[in-house]
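K.L.:
Spelled out, the chains give:
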Amino acid sequence: MKQKLVIALSLILLIGVIFLIYNDLFNGNPADSTNATEYNLEKLKQIDSSLICYNEVITIDLTMESVNALTIDSNSNIYVAGDNEIQIFDKTLQKTHTIKLDSSANCLAVFDNTLYLGVGNYVEVYTSKGVKLSRWKSFNSKGYITSIAVNKTNVYAADAENKAILRYNLNGVLLNVIGKKDKDKSIDGFIIPSMYFDLAISAENELWVANPGKHELINFTEKGDFRTSWGIASMQTTGFAGCCNPIHFCMLSNGSFVTFEKGLDRIKLHDQTGKLECIVASFSDANAQALDNCSIGARVHDLATDLQGNIYALDAKDKKIRVFSRK
Amino acid sequence: MAEKKQYNRRDFINNSLRAGIAVSLAGITVALTTRALSGKSVWQLNPAKCVQCGRCATSCILETSAVKCVHVYDMCGYCDLCGGYLRPDTKELNTAAENQLCPTSAISRKYIEEPFFEYQIIEELCIGCGKCVKGCGAFGNGSLQLQINHKLCVNCNQCAIARVCPSEAFSLVSASDAYLYQGKKM
Chain A
1 MKQKLVIALS LILLIGVIFL IYNDLFNGNP ADSTNATEYN LEKLKQIDSS LICYNEVITI
61 DLTMESVNAL TIDSNSNIYV AGDNEIQIFD KTLQKTHTIK LDSSANCLAV FDNTLYLGVG
121 NYVEVYTSKG VKLSRWKSFN SKGYITSIAV NKTNVYAADA ENKAILRYNL NGVLLNVIGK
181 KDKDKSIDGF IIPSMYFDLA ISAENELWVA NPGKHELINF TEKGDFRTSW GIASMQTTGF
241 AGCCNPIHFC MLSNGSFVTF EKGLDRIKLH DQTGKLECIV ASFSDANAQA LDNCSIGARV
301 HDLATDLQGN IYALDAKDKK IRVFSRK
Chain B
1 MAEKKQYNRR DFINNSLRAG IAVSLAGITV ALTTRALSGK SVWQLNPAKC VQCGRCATSC
61 ILETSAVKCV HVYDMCGYCD LCGGYLRPDT KELNTAAENQ LCPTSAISRK YIEEPFFEYQ
121 IIEELCIGCG KCVKGCGAFG NGSLQLQINH KLCVNCNQCA IARVCPSEAF SLVSASDAYL
181 YQGKKM
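Taken in order, these protein sequences are the chains called A and B. The letter at position 39 of the first sequence is residue 39 when you use our numbering, and the numbering goes up by one with no holes. The letter at position 157 of the second sequence is residue 157 when you use our numbering, and the numbering goes up by one with no holes.
Calculated from the structure, these hints are not laboratory results. Please note that a few of the clues may not be correct.
Said to hold, decoys possible - Short derived list, chain B residues pointing at chain A, Cβ under 10 Å:
no., residue
1, Gln-52
2, Arg-55
3, Tyr-78
4, Gly-140
Claimed, not checked - Listed next, the stretches of chain B that the computed footprint assigns to chain A, with coverage defined by at least 3 CB atoms under 8 Å from CB atoms of chain A:
no., region
5, 80 to 90
6, 123 to 135
Where is the CB? At the ideal position from N, CA and C, for every residue including glycine.
With the sequences and hints as input, model every part of the structure.
P.N.:
Dropping the structure here:
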């Protein structure tokens, strides 16, 4: 009797051990386990939903492998640079035509039916129908133009490699170089840790330039004198996160600023003084992990606005233009 | 007329054994030939697939993981506010322990010139958790990358980290080209 009891207990023990081994080998789910050394960026991306003041109203699918830049003309035509071409959409969001390029444009601007493209270290000029008008002489062989803006007298090109703004007239004559370190003019120079260097012209024809390494936007006169700046470094929505932000910005007709920050992938609206007004969009969503997987680089490759105050974001991950309207 | 030989159980067993031995020898020959032609393989992780989940620090069979952070200097922005070195929302941009993102203080920070700093990995302290890699990838240029250090790795037949890696970033690569980091490490 005693022997049977020992055998029965041993069998139960054996079954228990087999169960534990099976569970350990086949049912362990490492994905569920928490890890003390994990860096959870999603927590940082979470924002108060009451701060969001825009709705995403339209998305436009793009048929491009890579998308680089976006601009909108005064007739609400949308121009998208990517691959080796420019795709043009009318205000009904129908693609009207495509301009084939010899090389990929990093940035573009349109004024008076003329397209100005930043291609490597030089500027190319096309009609809006796709006829190439000219290629301007490079500032130097090392340059890399990341942003371009035009008004009726000037073309400003942001050269990330030379850490300077190149001011041309509309015929491509270089007039002056803005933003180089100059103690006499109280200009500290631009800090550009990565190839993100954006500029914009306001409705009042004022030049604004992002200085991402200093987390600020700077206003210069066209002669290159420092006028004012705003911006602070902070993970909070009131500031710009990480080492170097904002990487893209554009301006509304009332002088407000729309900024995009890499890392936390958020689009924000600031008033004319730089004070945070609200959040346009945040990309902290179910796709965030996939975005992290594709890792280095920003989700949004450019921002633009139209005359109605809608905000257009060029989503490089999903190859879409996302259009946001005020709530 | 010759009488047909009967195929008995003994013949069947003999033939089966011969066939088994022949297949085994052929398999071993093929395996050895493949190995000889391809050279020695070692485990390595692909930084482009890595999601910095932290399991490299805890799943290696070694007491301190063979996975270490490498710094690819030519990709670095030498930022003052380094997303790989400093904790988010750090008030002071300095080397105080409470400001450092690395749980083992395995990154040293050296002033170069205003406002640039150089960051160096102290390999003995690095546990391969990838926190710095995640911070650098999200906010910076991705110059910090995880790699298996082959001076430390014992090259298990089945890498224990590869078994739990959620992004399948681990694979066997040729020992003659054993590192997969992007850019130039100086």
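K.L.:
Hint by hint, note whether the structure agrees.
P.N.:
Evaluation of the provided hints:
1. With its C-beta approaching chain A no nearer than about 7 Å, Gln-52/B sits inside the 10 Å limit, and its interface hint holds.
2. Taking 10 Å as the C-beta cut-off, the interface hint given for Arg-55/B holds, the closest approach to chain A being about 7 Å.
3. Given the 10 Å rule on beta carbons, the hint for Tyr-78/B holds: about 7 Å separates it from the nearest Cβ of chain A.
4. Interface restraint check: Gly-140/B against chain A, minimum CB-CB distance 5 Å, threshold 10 Å, status holds.
5. With 6 residues having a Cβ less than 8 Å from any Cβ of chain A, the region 80 to 90 of chain B passes the three-residue criterion, so the hint holds.
6. Taking a C-beta to C-beta cut-off of 8 Å, the region 123 to 135 of chain B contributes 6 residues in contact with chain A, enough for the three needed, and the coverage statement holds.
Of the numbered hints given earlier, the model fails none.
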